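Chemist: Using the hints provided, position chain B relative to the given structure of chain A.
Take a look at the letters that make up each chain.
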Amino acid sequence: MIASYIINVTFKKTRYTGDAFIIRPKAETMKLKDINIAIIRIEGTNCEQESYDAFKRLGANPEFVHLKQLLHIDCIADETREILDYHCLMIPGGFSAGDYIRAGAIFAARIKSQLQRQLVEFVKQDRPILGVCNGFQVLIELGLLPGFDEIIHPIPDACLYLNDSNRFECRPTLLKHENRGTCVFTAKIQKNEIRLIPSAHAEGKLLFPLEKQEQYLNKLEKHDQIVFRYVDPEGNYAGYPWNPNGSPMNVAGICNPQGTVFGMMPHPERTYYRHQHSDWTGTQLGQNIGDGRAIFESVLAYLSKKF
Amino acid sequence: MYLTNSEKRYLNLSIFRLSGAIRMFEAKVTVQLKKGISDPEGANTLKAIHLLGFTKVQQVKTIRTFDLIIGGVDKNQVKNDIEQICQRLLTNPVIHHYEIAVEEKK
Chain A
1 MIASYIINVT
11 FKKTRYTGDA
21 FIIRPKAETM
31 KLKDINIAII
41 RIEGTNCEQE
51 SYDAFKRLGA
61 NPEFVHLKQL
71 LHIDCIADET
81 REILDYHCLM
91 IPGGFSAGDY
101 IRAGAIFAAR
111 IKSQLQRQLV
121 EFVKQDRPIL
131 GVCNGFQVLI
141 ELGLLPGFDE
151 IIHPIPDACL
161 YLNDSNRFEC
171 RPTLLKHENR
181 GTCVFTAKIQ
191 KNEIRLIPSA
201 HAEGKLLFPL
211 EKQEQYLNKL
221 EKHDQIVFRY
231 VDPEGNYAGY
241 PWNPNGSPMN
251 VAGICNPQGT
261 VFGMMPHPER
271 TYYRHQHSDW
281 TGTQLGQNIG
291 DGRAIFESVL
301 AYLSKKF
Chain B
1 MYLTNSEKRY
11 LNLSIFRLSG
21 AIRMFEAKVT
31 VQLKKGISDP
41 EGANTLKAIH
51 LLGFTKVQQV
61 KTIRTFDLII
71 GGVDKNQVKN
81 DIEQICQRLL
91 TNPVIHHYEI
101 AVEEKK
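Chain order of the listed sequences is A and B. The first sequence: position 251 = 251 (the numbering used here), numbered continuously. The second sequence: position 47 = 47 (the numbering used here), numbered continuously.
Take the hints with a grain of salt, since some may be wrong.
What the hints assert, rightly or not - Covered by chain B, per the in silico footprint, the following chain A stretches (three or more residues, Cβ under 8 Å):
1. 95-109
2. 160-166
3. 195-209
To be verified - On the chain A side, residues computed to face chain B include the following (Cβ under 8 Å):
4. 73
5. 74
6. 155
7. 248
Keep in mind that the hints were calculated from the coordinates and are not lab data. Keep in mind the model is a prediction, meaning the values are calculated, not measured. By construction, the Cβ of each residue, glycine as well, lies at the ideal position given by its N, Cα and C atoms.
Bound conformation, chain A alone:
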C-alpha cells in the first residue's frame, strides 16, 4: 500500500510548465470551426447542452469538459485537458455541488486549488470567460470579477447573495445594455437596447462590502464594467418584480476592466431562437433570432479577429 503510494507520488504527471500551450496569433483571421470553447461542468451544472448548442450552431467547436479532466483527477491520459488549449471558457448555470456552503463556492475552490496560475495566464492573454447564472457566482467567488486591481483576488471582493424575496425567481427579465464598448460579449448589441433574457436564480443580489458599496458601484460605472441592468418595458430602472433579486443599481451582469471576463445572472442560451421567447406566438418569428444569440455571436466575432 505504502509502496504504491510512493510510486504514485514519484511518477506524478508533469503539469503546466509555462509557455508550452500559448496559442500564437495568426496572420489571417481564424476560422470559426477552429475556435475551441470549453464548457466546464461538474455535478449539478445545467444548461450546458443549450450553451454547447448555441456555440455549435454558430459554427464554433465547443466541447464539454469535466473539471476533473482539467485537474487530471480520476481520468485516463486521453481524457485530460489543459485550459490553455481553449480560446474561450464558459461556466454554465445550475447548482454546482448542490450550492453547499454558498452558491458556486465549492466549484470556485476546486478551480482555485490547481488552476489559478493557468487561469491568470488565460485572462492575461485576453481570452474570454463567460459565466452565466451559477457561472457568474463562480466567477465572483473565484475573485475574477469585479477584478478591479488584479486579475484574481485571493479573497472575493463581492458576493451574490439571496434574493430579497428569499425565493427562487424564475421568469423572463428585461435587460438594458449599458456597456460603452468594453465588454467583448456584447459588441453586437447597441447601447441602451432592451433585450428579453430569462432569469432563474435564488442568489442573484450583487453585494459589495457595505461600507464600500457606493464607491465600488461608482468604480464599476467609471471603468465601464456594468453590462446589463434590469429594467421595465419602458426602460426605467424598476424594482421588484422587474428586478428579481434586489440588486443595487439593478445590476444584472458585469465584466472585468478589460471586458474579457463577463458574468450575468440571466440565461442568454435559453433565448437563442425567437420561438424560445415566451411571447413569440403574438409576434412575427422573422428570422427566428432570439435575444440571447448576440452574446455568442459577439464573442465568436471577437475570437476570430483576435486569434
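Modeler: Positioned in the frame of chain A, the structure of chain B alone reads:
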C-alpha cells in the same frame, strides 16, 4: 495500484498519526452574517414562529456552524489552518464574519 487524491491524503495523515507527530483537534467554526446584511431565512422563520402562536419571539438569526476534526502540531498551527479554510471556502468576507474555537481531541 491507483489511489485517488482523498485516499492519498488519508494515508498521509494516518502515517503521521502513527508516528506520533500529529495531534488531533476538534474545531468549531461559527459563521454569522455581518451587521446590516439582511437575513431572509431568519425573517421567514420568525414569520412562521409567529403563525404558530409564539408571538413573543422578536428576532431570529440564522447562524451556521461547521465542526472540523483536524490534525496538527499545536493549537496555533491548527487555528491558522482553519483561518485559511474560512477565508478560502467557508465564508465570504463581504457578508460573513466567523469565530473559531479549537480544543484538543481526547
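Chemist: Does each hint hold? Answer for all of them.
Modeler: We went through each hint and held it up to the structure:
{"no.": "1", "hint": "95-109", "verdict": "holds (count 5)"}
{"no.": "2", "hint": "160-166", "verdict": "holds (count 6)"}
{"no.": "3", "hint": "195-209", "verdict": "holds (count 3)"}
{"no.": "4", "hint": "73", "verdict": "holds, 6 Å"}
{"no.": "5", "hint": "74", "verdict": "holds, 6 Å"}
{"no.": "6", "hint": "155", "verdict": "holds, 6 Å"}
{"no.": "7", "hint": "248", "verdict": "violated, 12 Å"}
The structure is inconsistent with hint 7 alone, although it conforms to all the rest.
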